[in-house]
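Heads up: the protein sequence lines correspond to chains A and B, in order.
Anchor point for the first sequence: position 131 equals 131 in my numbering, and the numbering is continuous, going up by one each time.
Anchor point for the second sequence: position 185 equals 185 in my numbering, and the numbering is continuous, going up by one each time.
Derived from the structure by calculation, the hints contain no laboratory data.
Only true hints are included.
If we take Cβ atoms under 8 angstroms as the criterion, some of the chain A residues that face chain B in the derived model are:
#1 25
#2 28
#3 29
#4 94
#5 98
#6 105
#7 113
#8 127
#9 138
The list that follows gives simulated cross-link-like pairs (lysine-lysine, DSBU-like), each with its CA atoms no further than 30 angstroms apart:
#10 21/A <-> 26/B
#11 174/B <-> 161/B
#12 316/B <-> 161/B
#13 315/B <-> 287/B
#14 26/B <-> 70/A
#15 249/B <-> 315/B
None of these values were measured; they are calculated from a predicted model.
Built from N, CA and C at the ideal position, the CB exists for glycine as well.
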Amino acid sequence: MDVDKESLDAITETINIGVGKSASLLNHMTGSHIRLRVPKLSVVRFKELEDSNWNHLEEEVMSTVMLEFKGNFSGVTAILFPPDSAASLVMLLSGENEPGPEMDAIRTETLKEVGNIIINSVMGSISNILSQHLSFSLPVYYEGKLSAVTGTRRNIEADGWVIVAQTHFQIESSNIEGKILILLEMGSLEHLIGSIKGAYN
Amino acid sequence: MKSATIITACLPLFDQIPFGLILLRKDLSIRFWNRVLEEWTGIKREDIEGKNLIDQYPLLNHPSVIARFPEVFDGRTPVFFSSQFHPHLIPSPLPDGTLRIQKGSVIPVCFNDEIHAILVIEDVTDLVRQVTAYRKMRDIARQELAERKKAEESLRIANTKLSLFSDITLLDIKNQITISLGLVSLIENDLNNQEGIRSTASSITNQLGNMEKSINLMREYEKLGMQPPQWYSMDKAILHASLLALSFKIDTDPTIEGLEVFSAPLFEHILANLLENAQEHAKSDSKIKISFRIEQESGILAIENSGTGVPRDRKKAIFMKGYGKKTKLGLYVSREILAMTGITIDETGEEGKGARFELTIPKEGYRFASASTSKNTEKQDYNLFHSQRK
Numbered sequence: 001m002d003v004d005k006e007s008l009d010a011i012t013e014t015i016n017i018g019v020g021k022s023a024s025l026l027n028h029m030t031g032s033h034i035r036l037r038v039p040k041l042s043v044v045r046f047k048e049l050e051d052s053n054w055n056h057l058e059e060e061v062m063s064t065v066m067l068e069f070k071g072n073f074s075g076v077t078a079i080l081f082p083p084d085s086a087a088s089l090v091m092l093l094s095g096e097n098e099p100g101p102e103m104d105a106i107r108t109e110t111l112k113e114v115g116n117i118i119i120n121s122v123m124g125s126i127s128n129i130l131s132q133h134l135s136f137s138l139p140v141y142y143e144g145k146l147s148a149v150t151g152t153r154r155n156i157e158a159d160g161w162v163i164v165a166q167t168h169f170q171i172e173s174s175n176i177e178g179k180i181l182i183l184l185e186m187g188s189l190e191h192l193i194g195s196i197k198g199a200y201n
Numbered sequence: 001m002k003s004a005t006i007i008t009a010c011l012p013l014f015d016q017i018p019f020g021l022i023l024l025r026k027d028l029s030i031r032f033w034n035r036v037l038e039e040w041t042g043i044k045r046e047d048i049e050g051k052n053l054i055d056q057y058p059l060l061n062h063p064s065v066i067a068r069f070p071e072v073f074d075g076r077t078p079v080f081f082s083s084q085f086h087p088h089l090i091p092s093p094l095p096d097g098t099l100r101i102q103k104g105s106v107i108p109v110c111f112n113d114e115i116h117a118i119l120v121i122e123d124v125t126d127l128v129r130q131v132t133a134y135r136k137m138r139d140i141a142r143q144e145l146a147e148r149k150k151a152e153e154s155l156r157i158a159n160t161k162l163s164l165f166s167d168i169t170l171l172d173i174k175n176q177i178t179i180s181l182g183l184v185s186l187i188e189n190d191l192n193n194q195e196g197i198r199s200t201a202s203s204i205t206n207q208l209g210n211m212e213k214s215i216n217l218m219r220e221y222e223k224l225g226m227q228p229p230q231w232y233s234m235d236k237a238i239l240h241a242s243l244l245a246l247s248f249k250i251d252t253d254p255t256i257e258g259l260e261v262f263s264a265p266l267f268e269h270i271l272a273n274l275l276e277n278a279q280e281h282a283k284s285d286s287k288i289k290i291s292f293r294i295e296q297e298s299g300i301l302a303i304e305n306s307g308t309g310v311p312r313d314r315k316k317a318i319f320m321k322g323y324g325k326k327t328k329l330g331l332y333v334s335r336e337i338l339a340m341t342g343i344t345i346d347e348t349g350e351e352g353k354g355a356r357f358e359l360t361i362p363k364e365g366y367r368f369a370s371a372s373t374s375k376n377t378e379k380q381d382y383n384l385f386h387s388q389r390k
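If we strip away everything but chain A, and leave its shape as in the complex, we get (with noise of 0.2 angstroms):
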C-alpha cells in the first residue's frame, strides 16, 4: 500500500493538532513556554526500521512511554528519547535542580504523566478523525531498545506499519528530540487514511 502525499500531509497535521494541544497543557502544568511541533513524519512498514534511516531506534537503549490501544484501528503508540534527553525534558518541565542524567523512579513517573499527556492528545485526534471510541492501556515506562519494547505486541508483524513523527520540544532556550512511534496493527492504517480522507475531503 502506497501512502500518498496528500494522506501523509493530512495524518502530520492530525498529529500536530495533538501535539499542539499537549504543548498548551504542558505550558500550564509547568508555568513553562513550551513548543512542541512535528517537522517531520514518516510511514514505514515496521522491518524498515533496521534500515540504515532508523536502526539507532533498534540499535540504541531509549527511555520509552507507551501505551496501547484497540478498536479498528489498534497499535502501540510509544514516545521515545534518548535517556539523557529525558532526563533533560523531566529536568526542564519540572524544575528540578538535581544534576545527573540518570532517569531515577520519581523521573520516570514524571516523564510517564508527560507522555501520557502527548499521547492521549495525539490519539485523541486520530480517535476524533476515525469518529470512535478506541480502548487504552494505561501508560507504561519501559528503557530498553525498541526490539525489546515492541518484542512481546504479538499483534505487531514486520510487514506492519509504523508512523514514525519527529518530535521537537522548544522549551525556554532548550531543544529536545524525541520520537513518536503509531505501531499499527494490520488493516489500521488503511482505515485511517480512509477516515482521514472522508474527513478531509
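Following the hints, position chain B against chain A.
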C-alpha cells in the same frame, strides 16, 4: 446485570485494594470513597459520597488536573498523575504531620451505558524519600570523588615541584661543599698561617651555615608534598616573614587588616623572599610598604619601596630559574609555589623610583577574617577553594 448491581458487587473489592480509590461520575460527583481514603483523610464515605470532588478539593481545579478528565470521560483514555507534578492529589497527613506523597491514575469504566472514572491514588512517600536520599548520597559521593581527584592532582603537581626544588637545593649544597673542600685545601696547604686558617675557617663556617639553611629549606619543601594549601592570615604571615628576612622597616597599610590569602605551604618564606628583594633595591632608610586592593575581582597584594628599583630589562629575568644568589627561596621557586593556588607575581615598579612586587590573587583566593569566623579546617578550606574555582 444492572449498572447499580455491578457497582455494588465491585465495592467490597474496591475496599480491599491497598490504594486510595474514588469512583467518579462524569459530573465529578463522588460515587464511592474507599476505606483506605477514609483512613488517610479521616473523612467517612457517608460524609463525602455524592459531593463534587472539586468542591471538596478546590486545588484540583487546575488545568493540569481538571482539563484532563474530559480525556477520560470523552476520549476514554487513561490519565496518569505523577508525584512530581501532583504530590498531594488528596491531601493525607502521616502520623508525623507531613503529607503523603501520592501518584494517581484515572481509568474510564463503563457500567452499562454510564461512563465513570476510577481515580486510584498510590502512596509513594517511601519511594520518593528513598530516591531523594539516594540522590543526596550520589551527589555527596560525586562531590567527594571530584574533590579527591583534585586533591590528588594538586599533590601530584606539588610533588613534581618538590622534586624540582629539591634538585635546585641539592645543587646549591653541592656547590657549597665544593667551596668548603676548596677552603679546606687552602688550610692544608698553609698550616703555619694561623691568621689565614682563622679567616678560612670562618668562611667554612659560613658555608656550613648556608648548607644548614639549604637543608632546612628542603625540609620546608617537603610540606608542599604533604600539606594541602591553606588560608594564611596576612598579619601573622608578615610578622613571620619579617623575622625570616630580618626586615623590620615595614609599613603595613590598613587595607591589609583582616586579610587572608589562600596559598600552598611556604607562603611566609615567599613573603620573606619578596621583602629581601625589595630591600635589595631600596634606599637604606626607606620602609617597605605592603598594601592590598581589588581590581576586577582579583586581589592585588603589593610589596613596594622607594629606591633604585628593578631595571626594565631584568623584570622578567628575576623570575627565571637560577636567577639571583642572595635569596634563599628564589623568585622562580616562589612563583611556582604561588601558581599552585592561581596566584601570579609580577614586578611592576619603576626603575629609579623603587621596586614593587604585585601578587594577583584570584577572587576565591582571598577573604577578610570577618567572613571566615567559622574557622574552617584546612580540608574544608581546601574543598571550598576548589569548589569556588570550578
